[in-house]
Amino acid sequence: MNIEEFLKNDAEKDLLRFSTAGSVDDGKSTLIGRLLHDSKQIYEDQLASVKKASGKINADLEIDFALVTDGLKAEREQGITIDVAYRYFSTPKRKFIIADTPGHEQYTRNMATGASTANLAIVLIDARNGVLTQSKRHAFISSLLGIPHMVVAINKMDIVNYSEEVFERIKKEFSEFASKLNIRDLHFIPMSALNGDNVVEPSPGNMPWYKGQCLMELLENIYIGSDRNLIDLRFPVQYVIRPTQDFRGYSGRVASGIIRKGDEIMVMPSMKKNRVKSIITFDGELNEAVVGESVTIALEKEVDISRGDMIVHPNNLPSCENHFEAMVVWMSEVPLDPAKSYHIKHTSNMTSISIDEIRYKIDVNTMHRLNTDSLTLNEIGRVVFSSRKKIFFDPYSKNKAVGSFIIIDKISNNTIAAGMILDRLSADKLPKKISRPAEASNYKNYRMVSTEEKSARYSQSPVTLWLTGLVSSGKREIAWKIEKELFDKGHSAIVMDASTIRSGICRELEFTQSDRTENIRRAAEISRMLNDNGLVSVCAFVSPDESVRKQLSSIIGQERFIEIYVKASLESCKKRNPAIYEKALSGEIENFTGVSAPYDEPVSPALTLNMNSMTVDEAAASVIDYMTKNSFIRN
Amino acid sequence: MSGKYNLNHLKQLESESIHIMREVASEFERPVMLYSIGKDSSVMLRLAEKAFYPGKIPFPLMHVDTGFKFKEMYEFRDTYIKEIGAELIIYRNEKSISEKMNPYDYGTQKCCSFLKTQALVDSIRAMKFDVAFGGARRDEEKSRAKERIYSFRDESGQWDPKNQRPELWDIYNGKINKGQSIRVFPLSNWTELDVWNYIYLEKIPIVPLYFAKEREMVVRDGQLIPCDGPVPLGKNEKTTKIMSRFRTLGCYPCTGAIKSTAATVPDIIQEMMTVTISERSTRIIDHDAEGSMEDKKKEGYF
Chain C
1 MNIEEFLKND AEKDLLRFST AGSVDDGKST LIGRLLHDSK QIYEDQLASV
51 KKASGKINAD LEIDFALVTD GLKAEREQGI TIDVAYRYFS TPKRKFIIAD
101 TPGHEQYTRN MATGASTANL AIVLIDARNG VLTQSKRHAF ISSLLGIPHM
151 VVAINKMDIV NYSEEVFERI KKEFSEFASK LNIRDLHFIP MSALNGDNVV
201 EPSPGNMPWY KGQCLMELLE NIYIGSDRNL IDLRFPVQYV IRPTQDFRGY
251 SGRVASGIIR KGDEIMVMPS MKKNRVKSII TFDGELNEAV VGESVTIALE
301 KEVDISRGDM IVHPNNLPSC ENHFEAMVVW MSEVPLDPAK SYHIKHTSNM
351 TSISIDEIRY KIDVNTMHRL NTDSLTLNEI GRVVFSSRKK IFFDPYSKNK
401 AVGSFIIIDK ISNNTIAAGM ILDRLSADKL PKKISRPAEA SNYKNYRMVS
451 TEEKSARYSQ SPVTLWLTGL VSSGKREIAW KIEKELFDKG HSAIVMDAST
501 IRSGICRELE FTQSDRTENI RRAAEISRML NDNGLVSVCA FVSPDESVRK
551 QLSSIIGQER FIEIYVKASL ESCKKRNPAI YEKALSGEIE NFTGVSAPYD
601 EPVSPALTLN MNSMTVDEAA ASVIDYMTKN SFIRN
Chain G
1001 MSGKYNLNHL KQLESESIHI MREVASEFER PVMLYSIGKD SSVMLRLAEK
1051 AFYPGKIPFP LMHVDTGFKF KEMYEFRDTY IKEIGAELII YRNEKSISEK
1101 MNPYDYGTQK CCSFLKTQAL VDSIRAMKFD VAFGGARRDE EKSRAKERIY
1151 SFRDESGQWD PKNQRPELWD IYNGKINKGQ SIRVFPLSNW TELDVWNYIY
1201 LEKIPIVPLY FAKEREMVVR DGQLIPCDGP VPLGKNEKTT KIMSRFRTLG
1251 CYPCTGAIKS TAATVPDIIQ EMMTVTISER STRIIDHDAE GSMEDKKKEG
1301 YF
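In order, the protein sequences belong to chains C and G. For what it's worth, our numbering labels the leading residue of the first sequence as 1, then goes sequentially. For what it's worth, our numbering labels the leading residue of the second sequence as 1001, then goes sequentially.
Worth double-checking, as some hints may not be accurate.
Derived pair list, reagent style DSBU-like, types lysine-lysine, alpha-carbon separation capped at 30 Å [said to hold, decoys possible]:
(1) Lys-410/C x Lys-1178/G
(2) Lys-277/C x Lys-1050/G
(3) Lys-1175/G x Lys-398/C
(4) Lys-301/C x Lys-1050/G
(5) Lys-1128/G x Lys-93/C
(6) Lys-345/C x Lys-1128/G
(7) Lys-1203/G x Lys-40/C
(8) Lys-1011/G x Lys-398/C
(9) Lys-398/C x Lys-277/C
(10) Lys-1178/G x Lys-345/C
(11) Lys-8/C x Lys-1259/G
(12) Lys-1011/G x Lys-13/C
(13) Lys-273/C x Lys-1050/G
(14) Lys-1056/G x Lys-277/C
(15) Lys-93/C x Lys-1011/G
Stretch-level coverage of chain C by chain G, calculated; a stretch enters the list once three of its residues show a Cβ under 8 Å from a Cβ in chain G [unchecked claim]:
(16) 88 to 97
(17) 111 to 123
(18) 242 to 248
Treat the hints as calculated values from the structure; they're not laboratory data. Quick reminder that beta carbons are idealized off the backbone N, C-alpha and C, glycines included.
Only chain C is shown next, with the shape it has when bound in the complex (with noise of 0.2 Å):
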């Protein structure tokens, strides 16, 4: 082989990324220290090999094992936060690039990092402790982090006697542990970094029983092609290219799936289809691009396309919602605060979040799941947020790239988490947050006329009558009714309803789960405002959902939240409104309630009205009954 054919053959060596965690006692620098010096070793004898390679070669170098160690001491000495180190090194069949990390618990954030570019994961096991927890750690987060190829080495095994019955009892104990993980393909590998068995030459003397690969052979051959997703065309657009005004390039890296010239795409979030015209590189065009690409595509029909936007496929859509629920990793000294919004960075798209809710946190320990409110420095749960803008994504688990986020503070500006998408639970499904944080409202001292005065000029107590019930139970007649009845007794009430907030002050929001809670959200904040100001509110609104009316009141106020609800069986209704009933049995409305959606009755409602005996003047007779007993109005 002549220097031109290596070059070529180097250029052409596939990547493989990994990451390898744990402390300085536990063998890991002696593992780096051993793959990088032998093989640099194996280099030089292959360039031995090349003519004219006539430079003295050091052939017996002493493995500099302080060059691995050194940093990490000086780190300590210094208090710097201990970190991830890349280190690099190649073989003739590859190249590699390690992703170093410190293996305490203290350390997750960091171990997190290293993950998430991962090809595999190397899990570090000492052969006389057996499996701790530091490697049970290491593993759940290299599993979390979707890192698809895990190596367990169990090392030091020259301390055990190179014992198999050792071996293959941590093997056992690992297994157990690791079923409850998500990890694609798991190998075990006893060692000696030490003394260089298993590692880069394999150790017929001191192991005859183990007959695998060593973890050389097996980092230069595991097959890693298949991890990428080549089925979901997704193309993030990061940068448009305007050189001249006949050229309009959107540039940005395939994030998984193939684009292929000619193909018929589709651009989120307009949905409006093209097709590609060409794929446009410095060394000329394309007839494809595939995952990992960087190039620029030009389109057939001009089209208004900004950064943020993804070009797919019209046939193979992601996700594109503004509720969603992901695993995270918190890596701020300063805790999450459940009450304050972030920004993500979410392919190139940055927006704004709030949480929802925190359903649990896990213990990395443990893998239990334990309650919280707050996640800290480190730990790891599971969070529902709501976004301003829509996102596109996948699921983690389905697609890296579009599945990933992360969490960045409003004011210093630091990333603070980063997340994994989950797709458990569709974004219906998922809980939603209305209450608002305890402040607001401190403009109250400095009003002239309190709600205490305006409501003694109605002689009434400002409260909010909350009827939910099933579409067409009537509940609107009864507001207006009961809007009638205290108007004629000089009391002062407004009635909201779906109707008239959805043609003015909601008029951009849809019918989907989240943006039916957030009508119900300004519903309830116009209803605070209006009994601010001395005002009865009279809502009527479906609001099937237990959960969201449970928050209410903390909108609104407890006292002041008065649950009212209008019984009616489906069959009533249907015949008030038979127009609309046999529209949503038929399909052409969906998710409507009481038919193709859930309705939670009121677990204890203040009053109950049962329709299906009670007319509309008797129904709304009996709330203003209920009023004046409970002294919410005065004669």
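With the hints as your guide, set chain G onto chain C.
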């Protein structure tokens, strides 16, 4: 090992670097690319051309000039930049240059601090750049192994190793407050061999000083000091013609050459693979003090 849809590692590195550059160009108002005329800069510049093709590079290049660079570097800079049609800013600390700052009278550390580090920090502040690309690689030196791709600097251009942002996947956090800036290293994951091989395969022009030739040298403390300008000679010193080349390029008074006959890129790679001195060891500035690179970086050096 490359299957039909597998990208080889150079292609992956290229693609990653382009992604980084486009991300920066999208999210920042005033980027600048630091151009040192060296081989890494040449690769970075080619990647920038690729990232924005068929458009032009949407930000200027900046050479922080000490006045002590090799003549061949200036010649190369002026012709090559003109050829590719990029915009170039040349920034010099004119005050220190007029005060005759030099490494012989003031020491290399002080000279570097005024003409390079200070000049760099000043230029970024004066021209209100909010991000500067640099060609540094993580494999160059121990203290760089932990460097982020987006390296955050405070208002005075300083690096705080305790306060680095986590960097996951390929999602980069470009949020900064007014007055702050970041340094971006798109070649972070490239090794020296990758850079050379890319230069070879892409036929990227580099300064001829990298190739071996007979050059006037003074031998001092075992190092070959080039005589590209007036080098003060010691009592028993004289210049000799030596077949040599430079592994890295900096200022001529502070850049050592090595004896070599490598006259082509493949020759250089072959030499590099068989000689085990680390790349920066011929830069005299690194010998000043223990951990000097880390200290310089804290001050604002790349």
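Status of each hint after checking the structure:
With a C-alpha separation of about 14 Å, the suggested pair Lys-410/C and Lys-1178/G falls inside the 30 Å cut-off, and the hint holds. Distance restraint check for Lys-277/C and Lys-1050/G: the Cα-Cα separation of roughly 20 Å lies within the 30 Å cut-off, and the hinted pair is therefore satisfied. Between Lys-1175/G and Lys-398/C, the direct Cα distance comes to roughly 29 Å. Compliance with the 30 Å bound is thereby established for this hinted pair. This hinted pair checks out: Lys-301/C and Lys-1050/G have alpha carbons roughly 25 Å apart, not beyond 30 Å.
Taking the CA atoms of Lys-1128/G and Lys-93/C, the gap is near 46 Å; set against the 30 Å cutoff, the hint is violated. For the given pair, Lys-345/C sits about 25 Å from Lys-1128/G by alpha-carbon distance, which is consistent with the 30 Å threshold. As the CA atoms of Lys-1203/G and Lys-40/C are separated by approximately 27 Å, the hinted pair is consistent with the 30 Å bound. About 24 Å separates the Cα atoms of Lys-1011/G and Lys-398/C, which keeps this hinted pair within 30 Å; it holds.
Proposed proximity of Lys-398/C and Lys-277/C is supported: the alpha carbons are some 29 Å apart, at most 30 Å. About 20 Å separates the Cα atoms of Lys-1178/G and Lys-345/C, which keeps this hinted pair within 30 Å; it holds. About 27 Å separates the Cα atoms of Lys-8/C and Lys-1259/G, which keeps this hinted pair within 30 Å; it holds. Of the pairs offered as hints, the one joining Lys-1011/G and Lys-13/C holds, with about 10 Å between alpha carbons and a cut-off of 30 Å not exceeded.
Between the alpha carbons of Lys-273/C and Lys-1050/G the distance comes to roughly 28 Å, so the proposed pair stays at or under 30 Å and holds. Between Lys-1056/G and Lys-277/C the CA atoms are separated by roughly 21 Å; this keeps the pair inside 30 Å, and the hint holds. A C-alpha spacing of about 16 Å is found between Lys-93/C and Lys-1011/G, which places the hinted pair at or below 30 Å, so the restraint holds. Only when three residues or more bring their CB closer than 8 Å to a CB of chain G does the claim for the segment 88 to 97 of chain C stand; here the count is 6, and the claim holds.
Using a Cβ-Cβ cut-off of 8 Å, 4 residues of the segment 111 to 123 of chain C lie near chain G, which meets the minimum of three, so the contact claim holds. Coverage of the segment 242 to 248 of chain C by chain G holds in this model, with 3 residues showing a Cβ closer than 8 Å to a Cβ of that chain against a need of three.
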